[in-house]
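*Asks:* These are the residues of each chain, in order.
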Amino acid sequence: MTPRAPMRSRLDRLGFDARFGALVAALALIWLALAWATDGVFLSPRNLYNLSIQTCVTAIAACGMVYLIVARQIDLSVGSLMAFTGMLVAWTQTNWLGSAGAMGWLVSIGVGLLAGLIVGAFQGWWVAYRGVPAFVVTLAGYLMWRGAAFLVADGQTLAPLADAYQRLGGGQDGSLGPAWSWGLGVAGVAALAAQTVAKRRSRARYGARLAPLWADALKLAVSGGALLAFVAVVCAYPDPGSDAGAGKGLGLPVLVLLVVALWLDVVARRTRFGRHVWALGGNPEAALLAGLPTRRLLLQLFMLMGGLSAVAAVITTARLGSGTHSIGQMAELYVIAATVIGGTSLSGGSGSIAGAIVGALLIQTLDNGMVLLDVASAKRQIFIGMILIAAVWFDGLYNRGARR
Amino acid sequence: MSDVRTPLVEVRGVSKRFGGLQAVDAVDCTLFEGEVVGLLGHNGAGKSTLIKLLSGVYPVDAGEIRVRGVAQRFASPRDARAAGIETIHQTLALAENLDAPSNLFLGRELRTRWGTLDTDRMEHEARQVIARLNPNFTDLRKPVSAMSGGQRQTVAIARALYFDARILIMDEPCAALGPAETRMVLDTIQRLKREGIGIFLISHDMPDVFEVCDRATVMKGGAVVDTVNIPEVTPEDLLGMIILGRKRGSAA
Numbered sequence: 009m010t011p012r013a014p015m016r017s018r019l020d021r022l023g024f025d026a027r028f029g030a031l032v033a034a035l036a037l038i039w040l041a042l043a044w045a046t047d048g049v050f051l052s053p054r055n056l057y058n059l060s061i062q063t064c065v066t067a068i069a070a071c072g073m074v075y076l077i078v079a080r081q082i083d084l085s086v087g088s089l090m091a092f093t094g095m096l097v098a099w100t101q102t103n104w105l106g107s108a109g110a111m112g113w114l115v116s117i118g119v120g121l122l123a124g125l126i127v128g129a130f131q132g133w134w135v136a137y138r139g140v141p142a143f144v145v146t147l148a149g150y151l152m153w154r155g156a157a158f159l160v161a162d163g164q165t166l167a168p169l170a171d172a173y174q175r176l177g178g179g180q181d182g183s184l185g186p187a188w189s190w191g192l193g194v195a196g197v198a199a200l201a202a203q204t205v206a207k208r209r210s211r212a213r214y215g216a217r218l219a220p221l222w223a224d225a226l227k228l229a230v231s232g233g234a235l236l237a238f239v240a241v242v243c244a245y246p247d248p249g250s251d252a253g254a255g256k257g258l259g260l261p262v263l264v265l266l267v268v269a270l271w272l273d274v275v276a277r278r279t280r281f282g283r284h285v286w287a288l289g290g291n292p293e294a295a296l297l298a299g300l301p302t303r304r305l306l307l308q309l310f311m312l313m314g315g316l317s318a319v320a321a322v323i324t325t326a327r328l329g330s331g332t333h334s335i336g337q338m339a340e341l342y343v344i345a346a347t348v349i350g351g352t353s354l355s356g357g358s359g360s361i362a363g364a365i366v367g368a369l370l371i372q373t374l375d376n377g378m379v380l381l382d383v384a385s386a387k388r389q390i391f392i393g394m395i396l397i398a399a400v401w402f403d404g405l406y407n408r409g410a411r412r
Numbered sequence: 044m045s046d047v048r049t050p051l052v053e054v055r056g057v058s059k060r061f062g063g064l065q066a067v068d069a070v071d072c073t074l075f076e077g078e079v080v081g082l083l084g085h086n087g088a089g090k091s092t093l094i095k096l097l098s099g100v101y102p103v104d105a106g107e108i109r110v111r112g113v114a115q116r117f118a119s120p121r122d123a124r125a126a127g128i129e130t131i132h133q134t135l136a137l138a139e140n141l142d143a144p145s146n147l148f149l150g151r152e153l154r155t156r157w158g159t160l161d162t163d164r165m166e167h168e169a170r171q172v173i174a175r176l177n178p179n180f181t182d183l184r185k186p187v188s189a190m191s192g193g194q195r196q197t198v199a200i201a202r203a204l205y206f207d208a209r210i211l212i213m214d215e216p217c218a219a220l221g222p223a224e225t226r227m228v229l230d231t232i233q234r235l236k237r238e239g240i241g242i243f244l245i246s247h248d249m250p251d252v253f254e255v256c257d258r259a260t261v262m263k264g265g266a267v268v269d270t271v272n273i274p275e276v277t278p279e280d281l282l283g284m285i286i287l288g289r290k291r292g293s294a295a
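Just so you know, the protein sequences line up as chains A and B, in that order.
The numbering of the first sequence is our numbering, which starts it at 9 and goes up by one.
The numbering of the second sequence is our numbering, which starts it at 44 and goes up by one.
Since the hints were derived computationally from the structure, they do not count as laboratory data.
Honestly, I wouldn't trust all of these hints.
[Unchecked claim] Which bits of chain B does chain A cover? Going by a derived footprint, with three or more residues having C-beta under 8 Å, they are: (1) 119-127; (2) 151-161.
[What the hints assert, rightly or not] Here are the in silico distance ranges between beta carbons for each label pair: (3) A:225 with B:77: 51 to 57 Å; (4) B:250 with A:218: 43 to 49 Å; (5) A:48 with B:174: 43 to 49 Å; (6) B:287 with A:138: 45 to 51 Å; (7) B:218 with A:354: 39 to 45 Å; (8) B:253 with A:221: 54 to 60 Å; (9) A:223 with B:223: 33 to 39 Å; (10) B:55 with A:218: 53 to 59 Å; (11) B:233 with A:220: 40 to 46 Å; (12) B:178 with A:221: 28 to 34 Å; (13) B:181 with A:236: 37 to 43 Å; (14) A:29 with B:107: 56 to 62 Å; (15) B:223 with A:209: 36 to 42 Å.
What you are looking at is a predicted structure, and each value in this text was computed from that prediction instead of being measured.
Just so you know, even glycine gets a beta-carbon here, dropped at the ideal spot from N, CA and C.
Looking at chain A on its own, in the form it has when it is part of the complex (with noise of 0.2 Å):
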């Protein structure tokens, strides 16, 4: 199962993460053993589609807990958190503003980004200048932004809400369509071919090692043609709104993932906040001495994750089309559980953005096909727990492996 020393080495110097393709190589037989369970149902266009819009909330959210996790801090308010933002926003739309114009719901997500930095900074600054611990803060969180979510409506669900916003859900109208998704993923395709290209040049320029050509041209093979099929897919699922039967193409949730993946991927691996946050994470002394904004990297970390909660919000109540103060139940778990999966120590540290959506794709996957074999929630549950045990089993094996 891990990797041997040499093994691991020779596939350092081709450039591949060992860690990360156990992942994929998990979450691709899981997806054959499903597709032969369901009878081929899983692998349909429309369940798909349907798993896609699914993974985007876990996902989103779960790219703020790599950096809080990281840092070694932690945070459990993101389910109770996504229910305060979320309410805020249908109240701006039903009882502020109205849902009728375009002003009504832009504002409203405005309105729950805002609450969900300022809710971010209210636990950070607790856990940065006050030196409570971030279990404690956000367990409070987790009890108070759920309470406070209640008391928005006094506990009645909120509706309707605007067509357009709804649209941001991945339901009725919520996709691309098929011409500017193939768009995408060949623009994609292209960025991914310029990235190796500018990779290889400016390490040739300064004389550092090279991986071969070929390992290159294979990772760039493998990536770009997962992007395709997945574009494919989701085409040759037919819209139901549209009567000419077009496909679907990318939900725009995908689109929201796709952007804040990107956006915290490039600051996690080229700016100084991202290298600041993994030196913290790495040795807290060490970044102390030499001279690093600890605590305020901390309060930004917060804030970080509270306004990705308030996206992961607007998406979930764009899919129910009402804001309800029950959503996210036990969000954070499905978040916390994706980030680990996905590669990101618990120690502190080390972590991708990548890993995390790969871990988010593979819970929503279990979850999703259990759903398709009609397991019952409460043993989904209990599957879904032992999956992060195994998870986090697998990578302390691995991390003694990596040490030898």
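On the provided structure of chain A, position chain B as indicated by the hints.
*Replies:* Using the frame of chain A, we list chain B on its own:
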């Protein structure tokens, strides 16, 4: 020995108290260009606190730190670095999960014109400075957790040197090293000295002290026992000062 040059570092009456403990008590010491001054004393004598005051980790309670004659107030390690003081902490203060270039530039990253990290240029620069210190160390992209003790020490020293520090503080740089790596560090100290860099060296190893130090300031109980010229003393004199807190020449 009268010296009319302005010292690189002049510490005057510096004190630091933690609760009931007077960790550093009215300490005076100086450091000149091209000089290595040993800071000696038992564990708990106040050496580590003194260097944390000099490197901006703690603010001083009383007294003054002058760098090239200018009084300084360090509110953070950044300020000390800006004044040209680089510190190699005993723990090395490296992020274990990051590679050599990332650690070398931690907090002072090179950036492209778009404001993103210039990782390739940082690797290139790191390669240059590390090659001068330890030519056998070429695998810079591996994380610190996979490095040997000597390689870690190399990264920590390279970090201090890259930014053209004129003042260097080294806290037991050889404590965890084998003989060959200790040799590398001592040779590096000699070379830096010739380049005119002033070094405060904390060490417990008498042969090392006698090999590289010009003077030694001995501390006990937070206060300075005495400062001596190394050629004028014997290891026994120094041990007497360290253990008994006894000035040289005073009756036994």
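*Asks:* Hint by hint, note whether the structure agrees.
*Replies:* Going down the list of hints, with the structure as the test:
1. 119-127: holds (count 4)
2. 151-161: holds (count 5)
3. A:225 with B:77: 51 to 57 Å: Given a distance of about 55 Å, which is inside 51 to 57 Å, the answer is holds.
4. B:250 with A:218: 43 to 49 Å: holds, 45 Å
5. A:48 with B:174: 43 to 49 Å: violated, 59 Å
6. B:287 with A:138: 45 to 51 Å: For residue 287 of chain B and residue 138 of chain A the Cβ distance comes to about 46 Å; the hint holds.
7. B:218 with A:354: 39 to 45 Å: violated, 31 Å
8. B:253 with A:221: 54 to 60 Å: holds, 56 Å
9. A:223 with B:223: 33 to 39 Å: holds, 36 Å
10. B:55 with A:218: 53 to 59 Å: Holds, since residue 55 of chain B and residue 218 of chain A (Cβ atoms, about 55 Å apart) stay within the stated range.
11. B:233 with A:220: 40 to 46 Å: holds, 43 Å
12. B:178 with A:221: 28 to 34 Å: For residue 221 of chain A against residue 178 of chain B, whose Cβ atoms are near 29 Å apart, the range 28 to 34 Å holds.
13. B:181 with A:236: 37 to 43 Å: Holds: the Cβ-Cβ distance is about 39 Å, inside 37 to 43 Å.
14. A:29 with B:107: 56 to 62 Å: Given a distance of about 58 Å, which is inside 56 to 62 Å, the answer is holds.
15. B:223 with A:209: 36 to 42 Å: Since the Cβ atoms of residue 223 of chain B and residue 209 of chain A sit about 38 Å apart, the hinted range of 36 to 42 Å holds.
Comparing the model with each earlier hint shows violations of hints 5 and 7; every other hint is respected.
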